[in-house]
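**Student:** What follows is each chain in one-letter form.
Protein chains: 2
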Amino acid sequence: MTDTERLLAVLREDAARIDAAMREDLQSLAPTVDNLLLEVLEYSLFNGGKRIRPLLVVIAARLSGRDDDEVYQLAKAFEYLHAATLLHDDVIDNAETRRGKPSVNKQYGLVTAILTGDFLHARSMAIVGQIGGRDALALFSGAATGMVDGEFMQLRNAGIYNLSESDYHDVIIGKTGMLIAAACEIGVVCAGGGALERRAMCVYGTELGCAFQMIDDLLDYQGDANKTGKSVGNDLAEGKMTLPLILALHQADQKDRERLLAILADDSARRHAFDEVYNLIDKYGGFTGTRKRAENSISIAVKQLEIFTERVSLQDVAVLQGLAEYVLRREK
Amino acid sequence: MTDTERLLAVLREDAARIDAAMREDLQSLAPTVDNLLLEVLEYSLFNGGKRIRPLLVVIAARLSGRDDDEVYQLAKAFEYLHAATLLHDDVIDNAETRRGKPSVNKQYGLVTAILTGDFLHARSMAIVGQIGGRDALALFSGAATGMVDGEFMQLRNAGIYNLSESDYHDVIIGKTGMLIAAACEIGVVCAGGGALERRAMCVYGTELGCAFQMIDDLLDYQGDANKTGKSVGNDLAEGKMTLPLILALHQADQKDRERLLAILADDSARRHAFDEVYNLIDKYGGFTGTRKRAENSISIAVKQLEIFTERVSLQDVAVLQGLAEYVLRREK
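Chains A and B, in that order, give the protein sequences.
With my numbering, the residue at position 17 of the first sequence is 17, and numbering never jumps.
With my numbering, the residue at position 221 of the second sequence is 221, and numbering never jumps.
Since the hints were derived computationally from the structure, they do not count as laboratory data.
It is possible that some hints are incorrect.
Computed beta-carbon distance windows for the label pairs [stated by the list, open to error]:
id : chain 1 : residue 1 : chain 2 : residue 2 : range
1  : B       : Lys50     : A       : Ala9      : 55 to 61 Å
2  : A       : Lys240    : B       : Asp266    : 43 to 49 Å
3  : A       : Leu26     : B       : Gly192    : 46 to 52 Å
4  : A       : Thr228    : B       : His169    : 28 to 34 Å
5  : B       : His169    : A       : Glu24     : 28 to 34 Å
6  : A       : Gly159    : B       : Asn234    : 36 to 42 Å
7  : B       : Leu196    : A       : Ser166    : 55 to 61 Å
8  : B       : Pro102    : A       : Gln315    : 54 to 60 Å
9  : A       : Ser166    : B       : Ala195    : 37 to 43 Å
10 : A       : Ala9      : B       : Pro102    : 52 to 58 Å
11 : A       : Glu24     : B       : Gln107    : 39 to 45 Å
12 : B       : Leu261    : A       : Asn94     : 49 to 55 Å
13 : A       : Gly65     : B       : Asn234    : 54 to 60 Å
14 : A       : Asn94     : B       : Gln107    : 17 to 23 Å
Note that the Cβ used here is the ideal one computed from N, Cα and C, for glycine as well.
Next comes chain A alone, as it looks inside the complex:
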């Protein structure tokens, strides 16, 4: 077994326990809730998700010395909230598919997608309040409102082509960083960990989430469609100001900058000038700059783990390191 295989094996076992906690919960709901609702819950929760957020809860709790069944019960709430967000995102984007299957809005309709999202949202809050307690709920609901705020910032930023790196950072912290940070920190909270550990895991999660998003932005330009399952250029086509483009615009000379802005302002050009934009981003180091920032985030994340290395569960520290490095390596 290679190191990577060993890491994956640990995660697989934890992921199976998280899935079991979710299935148990759905079974407990079955006698009282509508059959269609139950079917859609099943459809949207068991669709091949990697369970990253609940896994982080479990690992963080274990690092802080707790590893019982209740941790998995708590952890599932993060998959619920994540799934609720995806359900509403797919309605908002009128998405056709989600992980290779028809999206809930296409398969069951908009009404069902909105309502099932609301159900999962409420149930996730109930679980965190019940098992995690007051501090955990404050973090969790703060991440939920932060995600909405991130979406609003992104709406506001649409069409603003001189976006600063800091504006970009605010959006990705809201949209991706806060929930991942909350997963990490709540794992510590539920294990009764101290302020130092909470802080370390919160930073770890925030930086991991940001790096994840930056690599996502890179893959949208540089990904291999055979591996990612999506064609490149979607962000550009939508006029989304992601980090590679932001960095290139800041570095470009006046002529290239004006050319980029002209393409961005033109709906059709955005769809047809991908190669030209790619080359300009490359020319001005937008891709290397983005990767460098992601690497920097990951090195900050990994550094947080130092305080845990005196503990027993060195394997879990290794898993968190492995996850962090995986974010940089991933091709899909």
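The hints should help you fit chain B onto chain A, whose structure is shown.
**Tutor:** Same frame as chain A, now just chain B:
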């Protein structure tokens, strides 16, 4: 001052304190959240709502001996969740207006309506968890999931014309009763009231909510458009099986029953045969039966208040009685 005026004056003062708590909360959010989000929160929260749910929290808490500022802080969460539900309902129904103004989905778009609903949803949970504690959150989130379940039951019931009274009852308890019951019970919980008081206020709220819904169903057939602000016949046009129709179908002879079913099954007939359906419902006592059931619910509700009459706040008992009776009298 008449009794009614006195009751209204008490409610007005409480409602103003609830509004103040909401405004204070929005102000506390202002430095950190997106401006558009803030504007939409303001638009959807301050639009002439009667604040029934938060008022019930405040009154129930006072009956159980608590009346400080924190109760109003807690109470506002019920208006938030209610507003979140209305935002998503209006998206689902593609509604043009809400209380005489353009709906958020029309004024600001679908994306904004969904996201603002999600924000209010999360914030309401955070508040109840923080101020109300674990029991309160379990009741509150249970009401939130119950509302979704009620919507699903209603979807399932669409087109089922032999609906039983009990199916109807399940839907209105989910859609309306549970949140009103939770408001009443959580008021008691936050004041440290006992199991007897909790039970009494839970039953009061459930019955009040059900009666409210039944009268709503009546007004959709019998209301005066000048007072309700809506034309009659919407439920029939949509094929919605409300109590007057359900009761009439159960009583009708075979010929009339078949005629009603023929109209219900025909999209165009439902829109044009209002008078005929009205007369058939009337012939078979659908309206009087519905009113009788609403009166019965209200008398059960009022009966619950007896255990509180040894307490100091007789005025609040009177307010709850007044509210219950108002539900039967209301014309809009």
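**Student:** Compare the structure with each hint and give your call.
**Tutor:** Now for the hints, and whether the structure bears them out:
{"no.": "1", "hint": "B:Lys50 / A:Ala9: 55 to 61 Å", "in the structure": "holds, 58 Å"}
{"no.": "2", "hint": "A:Lys240 / B:Asp266: 43 to 49 Å", "in the structure": "holds, 48 Å"}
{"no.": "3", "hint": "A:Leu26 / B:Gly192: 46 to 52 Å", "in the structure": "violated, 35 Å"}
{"no.": "4", "hint": "A:Thr228 / B:His169: 28 to 34 Å", "in the structure": "violated, 50 Å"}
{"no.": "5", "hint": "B:His169 / A:Glu24: 28 to 34 Å", "in the structure": "holds, 30 Å"}
{"no.": "6", "hint": "A:Gly159 / B:Asn234: 36 to 42 Å", "in the structure": "holds, 39 Å"}
{"no.": "7", "hint": "B:Leu196 / A:Ser166: 55 to 61 Å", "in the structure": "holds, 57 Å"}
{"no.": "8", "hint": "B:Pro102 / A:Gln315: 54 to 60 Å", "in the structure": "holds, 57 Å"}
{"no.": "9", "hint": "A:Ser166 / B:Ala195: 37 to 43 Å", "in the structure": "violated, 53 Å"}
{"no.": "10", "hint": "A:Ala9 / B:Pro102: 52 to 58 Å", "in the structure": "holds, 56 Å"}
{"no.": "11", "hint": "A:Glu24 / B:Gln107: 39 to 45 Å", "in the structure": "holds, 43 Å"}
{"no.": "12", "hint": "B:Leu261 / A:Asn94: 49 to 55 Å", "in the structure": "violated, 37 Å"}
{"no.": "13", "hint": "A:Gly65 / B:Asn234: 54 to 60 Å", "in the structure": "holds, 59 Å"}
{"no.": "14", "hint": "A:Asn94 / B:Gln107: 17 to 23 Å", "in the structure": "holds, 20 Å"}
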